[in-house]
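Q: Take a look at the letters that make up each chain.
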Amino acid sequence: MADTSAAPLLDRSRTIAPPGYNRWLVPPAALAIHLAIGQAYAFSVFNKPLGSLISGDPANPAPTDWTPTQIGFTFSIAIVLLGLSAALFGKWLERVGPRKAMLAASLCFGGGFLIAALGVSLHNIWLVYFGYGFVGGIGLGIGYISPVSTLIKWFPDRKGVATGMAIMGFGGGAMIGSPLAVALMNHFKGSAPQGVAPTFIAMGIIYLLFMQFGVWTIRVPADDWKPAGYVPNEEHSALITTGNVSADNAIKTPQFWLLWVVLLCNVTAGIGVLETASPLIQETFSDAAMGAGRGVTAAAAAGFVGLLSLFNLLGRFFWSSASDKLGRKPTYLIYFGLGVILYALIPTLGHGLQLTLFVVVACVIISMYGGGFATAPAFLSDLFGKYQVGAIHGRLLTAWSTAGVLGPLIVHLLHDNAKEKGLVGAAAYQNVFYTMAGLLVVGFLADLAVTAVNEKYQEKGPVTIEAGGH
Amino acid sequence: MNPNPNTTAPVATEASSGGSAVLAWLYVGIPLAWGVSQTFMKALALFK
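Protein chains in written order, with the working numbering: chain A, 1 to 470; chain B, 1 to 48.
The following block holds chain A by itself, in its conformation from the complex (with noise of 0.2 Å):
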């Protein structure tokens, strides 16, 4: 056993787990900075109350207030930098290993919030988009990618639950940075413009401080570490490699740019639900089709999107770990198969005024959303191997910036477009549905074209982690 005392203490040497570690306790330490970061989905938390600092009434904003759309190009600020910060630290963090990511993780995340805040005391915009999505988007990113390839080397006997659990915490953690923004900026209110500056700085300690439980917990496994009694899984082996591909290599391949693709459509398709959730089910559900008094209330909007980030969290863990059993491509076959025919339902069930089974259809359709981000790391480490597998699934997260770019922008110019030939209710979010099911059809094609890697792009000879990243 080597000496590292003299290691320097976030050296990767000094996160190898000693024999008996428990695997169980690498979960926790991922779902620590996953809880934390997803906080982004929660942003529209502060939409209002941002566009009100100089007005202080949400209901009538100053003319110098920020807008929404300023407000909101700082979400889509954090969700681009995540792609392209996960795509460009990937094969660093490898090297490094998952505790100096971690660790700068939790300062962008932190320092972002900070930064935001002194934004929002100045009332510069800027300083909001550099702090939050800039900074905090980088935070995003690394911090998303890196509990992954750890997680997959401590479970190859359930990748799928592993990766699952954690990405399932991102799905969460907007479930709490949204009640936990809300009761501090009631605390707050009497101290400063809506209580966000504040808010902001309390937030950017509280996560900081949170993530390092993640940071000073994440073991890796020694090198000839594997579970007791493991045997690869035979049933699904045509599709799992015993190979090692490079992140470089790998995105020369074909089965990159298909996985690519999967991504891309399944999570444009998530976007057009969630972005017009709120929307769409009170003006198809309204008192003028259902009859006064009947319609669906924005208080029942509210729940309708509330009980979607339910499902969307379970789906990440309940269809990651199905992949396990059934195999990632035919799991993909299924959101996209059962995805097509459950989003041309949407229209059909709205002009039916069947709401309890729209409900249904839609939670459905967010559970494999969610399970589409949940299930693609251990799909990735099925064809290429564990080798760089954090740095391929952080070049793969750049089709999902692109998706949160293209989705909301298919959604709304075919809803503006409806809007503008006079259709309300259903028909006007129809074509929406119509086009994302479309996109499934190309999702769909797109896995049952994964085959395979060529073992021409495999690493010769043995590797080891630490040349991972050169």
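Hints in this document: simulated from the structure, not taken from any laboratory.
Glycine is no exception: its CB is placed at the ideal position from the N, C-alpha and C atoms.
Don't take every hint at face value.
Unchecked claim - Listing some non-contacts, in silico: residues in chain A with all C-beta distances to chain B over 10 Å:
| no. | residue |
| --- | --- |
| 1 | I115 |
| 2 | A302 |
| 3 | T402 |
Unchecked claim - Covered, in the sense of this in silico footprint (three residues per stretch, anywhere, with C-beta under 8 Å from a C-beta of chain A), are these stretches of chain B:
| no. | segment |
| --- | --- |
| 4 | 22-28 |
| 5 | 32-44 |
Said to hold, decoys possible - Chain A regions said to be covered by chain B (calculated; three or more residues, Cβ under 8 Å):
| no. | segment |
| --- | --- |
| 6 | 16-25 |
| 7 | 28-42 |
| 8 | 309-322 |
Please build the complex by placing chain B on the supplied structure of chain A, with the hints as guidance.
A: For chain B alone, coordinates are given in the frame of chain A:
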């Protein structure tokens, strides 16, 4: 599976117990359960 079984990796010295795993899960489980319960309460409005 280790591609190079002869590698002698440096390892840290402390082991871990089941109790620490339980505490670790509580650390992340409690805030997650709080968030889920808050969301669930909000979702109930849909069924009123």
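Q: For each hint given before, does the structure comply? Return the numbers of the non-compliant ones in rising order.
A: 2
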